[in-house]
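Protein chains in written order, with this note's numbering: chain Z, 33 to 265; chain C, 68 to 580.
Calculated from the structure, these hints are not laboratory results.
There may be inaccurate statements among the hints.
[Claimed, not checked] Interface residues of chain Z toward chain C, partial, derived using beta-carbon atoms under 10 Å: (1) A65; (2) P76; (3) P87; (4) G93; (5) C99; (6) C114; (7) N115; (8) V137; (9) V141; (10) R144; (11) V147; (12) F148; (13) L156; (14) R208.
[As the list claims (entries may be wrong)] Here are the computed lysine-lysine pairs in the PhoX-like style, where the Cα-Cα straight-line distance is at most 20 Å: (15) K133(Z) <-> K40(Z); (16) K332(C) <-> K362(C); (17) K152(Z) <-> K215(C); (18) K211(C) <-> K217(Z); (19) K187(C) <-> K122(C); (20) K152(Z) <-> K211(C); (21) K217(Z) <-> K215(C); (22) K228(Z) <-> K152(Z); (23) K217(Z) <-> K152(Z); (24) K399(C) <-> K332(C); (25) K122(C) <-> K380(C); (26) K379(C) <-> K399(C).
Using N, Cα and C, we set each Cβ at its ideal position, and we do this for glycine too.
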Amino acid sequence: MAFTVKIKRQENAESESYWQSFLCDGNADMSVAAVLNEMNRRVPLIDADGSGADPVAWECGCLVRKCGACAMRINGLPRLACNTFLRDLKDGAATIEPLSKFPLVRDLVVDRGIVFNNLKTLNLWLDGEAHMSDWTHELRYQSAKCLMCGCCLEVCPNFSPGGDFAGAVAAISGFRVFDQSHQSKHLGEVAAAYRKRYFEGCGRSLSCHDICPIGLPVEELMVRSNAAAVWGR
Amino acid sequence: MSRPIVIVGAGLAGLSAALAAAENGIKAKLVSELPSERAQSVMAEGGINAALNTKGEGDSTEQHFADTIAAACGLAAPNAVRGLVEAAPDIVRRLLSLGVQFNMSGFDDIDLRNFGGQRKKRTAFAQSDTGKQIMAAMIDEVRKYEAKGLVERYSHHAFMTLLLRDSVCCGCAVRDCYTGELVPLDGGAVIVATGGMHGLFGNTTGSLLNTGAAAAELFRLGVPIANAEFIQYHPTTAEHGGKRFLISEAARGEGGRLFVMRGGKPWYFMEEKYPEFGNLMPRDIVSREVWEHGKSAQVFLDMREIPSEVMKKKLSGIIDDCIAYLRIDPQKEPLPISPGIHYFMGGIQVDGRHRTVFPGLYAAGECCCQYHGANRLGGNSLLGAIYGGAIAANSAMDELSDSAKTTMPALPGAAAPQEALNKLNSVMQSSLGIVRDRETLVAGLAELEGMPGNLPLLGRAVLMSAVRREESRGGHFRSDFPERDDDRFLRATVARFDGSRITVSFEKIQEGR
Ligand SMILES: Cc1cc2nc3c(=O)[nH]c(=O)nc-3n(C[C@H](O)[C@H](O)[C@H](O)COP(=O)(O)OP(=O)(O)OC[C@H]3O[C@@H](n4cnc5c(N)ncnc54)[C@H](O)[C@@H]3O)c2cc1C
Ligand code: FES
Chain Z
33 MAFTVKIKRQ
43 ENAESESYWQ
53 SFLCDGNADM
63 SVAAVLNEMN
73 RRVPLIDADG
83 SGADPVAWEC
93 GCLVRKCGAC
103 AMRINGLPRL
113 ACNTFLRDLK
123 DGAATIEPLS
133 KFPLVRDLVV
143 DRGIVFNNLK
153 TLNLWLDGEA
163 HMSDWTHELR
173 YQSAKCLMCG
183 CCLEVCPNFS
193 PGGDFAGAVA
203 AISGFRVFDQ
213 SHQSKHLGEV
223 AAAYRKRYFE
233 GCGRSLSCHD
243 ICPIGLPVEE
253 LMVRSNAAAV
263 WGR
Chain C
68 MSRPIVIVGA
78 GLAGLSAALA
88 AAENGIKAKL
98 VSELPSERAQ
108 SVMAEGGINA
118 ALNTKGEGDS
128 TEQHFADTIA
138 AACGLAAPNA
148 VRGLVEAAPD
158 IVRRLLSLGV
168 QFNMSGFDDI
178 DLRNFGGQRK
188 KRTAFAQSDT
198 GKQIMAAMID
208 EVRKYEAKGL
218 VERYSHHAFM
228 TLLLRDSVCC
238 GCAVRDCYTG
248 ELVPLDGGAV
258 IVATGGMHGL
268 FGNTTGSLLN
278 TGAAAAELFR
288 LGVPIANAEF
298 IQYHPTTAEH
308 GGKRFLISEA
318 ARGEGGRLFV
328 MRGGKPWYFM
338 EEKYPEFGNL
348 MPRDIVSREV
358 WEHGKSAQVF
368 LDMREIPSEV
378 MKKKLSGIID
388 DCIAYLRIDP
398 QKEPLPISPG
408 IHYFMGGIQV
418 DGRHRTVFPG
428 LYAAGECCCQ
438 YHGANRLGGN
448 SLLGAIYGGA
458 IAANSAMDEL
468 SDSAKTTMPA
478 LPGAAAPQEA
488 LNKLNSVMQS
498 SLGIVRDRET
508 LVAGLAELEG
518 MPGNLPLLGR
528 AVLMSAVRRE
538 ESRGGHFRSD
548 FPERDDDRFL
558 RATVARFDGS
568 RITVSFEKIQ
578 EGR
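Bound-form chain Z, shown alone (with noise of 0.2 Å):
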């Protein structure tokens, strides 16, 4: 099957972005990041145009949803180039563009720094002792699953990275903090952070839920960690 990839290109945070197309052979089956990886190994990278192109620049690790490095705008939405498959794209062509709301590093690589900071701003760990209860189990292993490959973020309404709000990232972790903490100073320390950070900047789009590449319960974590935080349940 043949078909387009259309990227976004840019060589540093200054420089003027620009598109450049490439011809792909492969199966519907292929992932756009076995394709990104298929034209990268290419020697030399030919672009739609004929010209000569550097490699690519974009982030990629286990190829299989696990680690979140392939989060990029695909057709318009954030997802994971690695679970993006080419049967899924409309009229065979791809898209891709880096994520939006990060600064821009080169291509598709852009600087994430920010969720793993927020996170470290909000105090989100565990002074102690885990307390686990046996009914929150699989929700405690949903909210370690987060991959913070920042597709929720990308189309989060109130997030931006030069703001305060931490965005759904903060609800997802959050709550195996607050469910598997004991009273404690720190667990004061980390709702008061959570309210003020997370709480009241929330405009309940929920369009984090819907985006969610790994398709985890944004809506039932964001919900639980809010009666935690706020209300102490």
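Got chain Z; can you put chain C with the ligands on it based on the hints?
For chain C with the ligands alone, kept in the frame of chain Z given last:
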């Protein structure tokens, strides 16, 4: 104030080292090309071994020791393995207290599953996402020390070279992958935890982040690589997107069976030939059997008899992944499989305390050669990464140097161009199959001759190690020397580079320096 420890690699081994340092009040600089969440450790599915004996099978650390040593075919250092298996139960209980969502059974007991080469149920697991679940809890715990300033992250930084003074390691130079800037990191010790050398082959089950570049640079500088020819093929993998897709051993641990069609009926060849362990023989043996049978027929993994309750509670991720990536629902159809490169038993040579030959330089996790000998048991590498990382950090803290001031060293040449990398990958794959012989290995070496760069240099060391080991043992099978030869080769293979040539020698199995 002591000088910090620089840790390169933020997978399980790197995180474990950072925690051990920070808990002792020693600052760790934690370097990785991408954040911990992206490390290969998150891909581990099946579980982590510890003789917790929660299933009433009379398991013991002694038995864990015996199984590990047997699988290693004489090449694992007994003292090191003893330390590993004895620490295992406390390591897993500690993980539970950090909030790892292990599957539980009965009243507050950690559930255990069968895994290859083990006589008892010994593998603790969190459904089929054990690595990710462990990593999430470890990352949370390390974050506590980040906030206290005891762990400083250098994410998006790649290892370039060591800072050495008279072969004492005083830090390393890293490159900011975002800006290209070269950053010298001063440290009283350096722990390398950069994962396996998957990038030499390009199409393994492992993460594409584990290029082997750091190990290759250390090798160029004169750090020996041990047992490099021992490469584990996982018996049940499939091709997807130019990489090997893993179907975890947990599938067989929970009852999956291997077969080929014979006379119109499935033939469960492993069960017939190995009545005791059946489908759960150590991986070297299963892979060779699958390879052998695969020459004339397609080999299948049959999971259809696994009860749906077990599928749902213990293997759900595997089912979803097979449907997404292979377009096969293993509950309904058997999966066509073939062996693929999965794990590197060999790597940077370390002693029982994870010290390399350079004072101040340590290595832990899959990048080093420790615990697994000629063949690793599934579930022992997550354990080895956590344990080894902590041992390396403890050794580093005991020996922290306070000399400083080095000058920026000469950097290695540019990374191999794509064309060279493609060639290296194809040579490594075709020369180092499950079954090897002198002719193909020597032909592979000839093709790499004269190729510039660190990775081809490391590739040559792996091939030369395989040429020199004229016997078959564990993960190294030579069709021209099909027997095990203890007289000549009950020893570790050690490859060294002296700046102009690679030499390979065989050394006694160490008991610690
Ligand atoms: C699919 C799969 C399933 C597995 N399942 C199991 C299992 O069930 N049980 C088990 O025990 N084992 C399993 N393993 C093996 C196990 O996952 C690994 O051996 C273990 O996670 C290795 O941990 P590590 O810390 O050594 O390295 P990794 O987790 O690979 O981390 C390496 C780190 O080094 C960094 N890095 C690499 N190169 C550089 C560089 N040049 N500069 C800077 N940073 C660098 C990376 O970014 C990363 O942070 C599995 C492996 C795979 C591939
Ligand atoms: S490459 Fe890991 S999630 Fe896509």
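Here is how each hint holds up against the structure:
no.	hint	verdict
1	A65	holds (7 Å)
2	P76	holds (9 Å)
3	P87	holds (7 Å)
4	G93	holds (4 Å)
5	C99	holds (4 Å)
6	C114	holds (8 Å)
7	N115	holds (7 Å)
8	V137	holds (5 Å)
9	V141	holds (8 Å)
10	R144	holds (8 Å)
11	V147	holds (9 Å)
12	F148	holds (6 Å)
13	L156	holds (7 Å)
14	R208	holds (6 Å)
15	K133(Z) <-> K40(Z)	holds (15 Å)
16	K332(C) <-> K362(C)	holds (18 Å)
17	K152(Z) <-> K215(C)	holds (10 Å)
18	K211(C) <-> K217(Z)	holds (15 Å)
19	K187(C) <-> K122(C)	holds (9 Å)
20	K152(Z) <-> K211(C)	holds (8 Å)
21	K217(Z) <-> K215(C)	holds (16 Å)
22	K228(Z) <-> K152(Z)	holds (15 Å)
23	K217(Z) <-> K152(Z)	holds (17 Å)
24	K399(C) <-> K332(C)	holds (17 Å)
25	K122(C) <-> K380(C)	holds (18 Å)
26	K379(C) <-> K399(C)	holds (14 Å)
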